[in-house]
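Assemble the whole structure, with the sequences as input and the hints as a guide.
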Amino acid sequence: METRSIATMNRNRRITWGAGVGIGLGLIGLPLVFIALWPGVDHSPWDVNTMILATGVALCTAGYISGRISVAALTQHRSRPVSPPTRRP
2 METRSIATMN
12 RNRRITWGAG
22 VGIGLGLIGL
32 PLVFIALWPG
42 VDHSPWDVNT
52 MILATGVALC
62 TAGYISGRIS
72 VAALTQHRSR
82 PVSPPTRRP
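The sequence shown begins at 2 in our numbering and counts up by one.
Honestly, I wouldn't trust all of these hints.
Here are the computed distance ranges between Cβ atoms for each label pair [as the list claims (entries may be wrong)]:
| hint | residue 1 | residue 2 | range |
| --- | --- | --- | --- |
| 1 | T51 | H78 | 40 to 46 Å |
| 2 | T76 | A55 | 29 to 35 Å |
| 3 | T17 | M52 | 30 to 36 Å |
| 4 | V42 | N13 | 40 to 46 Å |
For the record, the hints were derived by calculation from the structure and aren't laboratory data.
As the structure is a prediction and not an experimental result, all values here were calculated from the model.
The beta-carbon is built from N, C-alpha and C at its ideal position, and this holds for glycine as well.
So this is what it looks like as structure tokens:
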């Protein structure tokens, strides 16, 4: 996920948008993960189950990144700030 545009926003917008998008995507993604992994729910072809799980994990990952951006903006001026998400080699 390219975070350069979010990182250039001002601090209050990063906190608001990061928290809102992070919570929103997490609330959509977590039930999909639970539906895909719950033993009582049977989706006939296993491909459907895999796609539901992959969609849930992708949404939860995007929500985590957005939440991390929000927390980094919130702790920006503290003595031990949280670093924003970066690309690793």
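| task | Hints the structure violates: just list their numbers, smallest first. | result | Of the numbered hints given earlier, the structure breaks none, since each of them holds.
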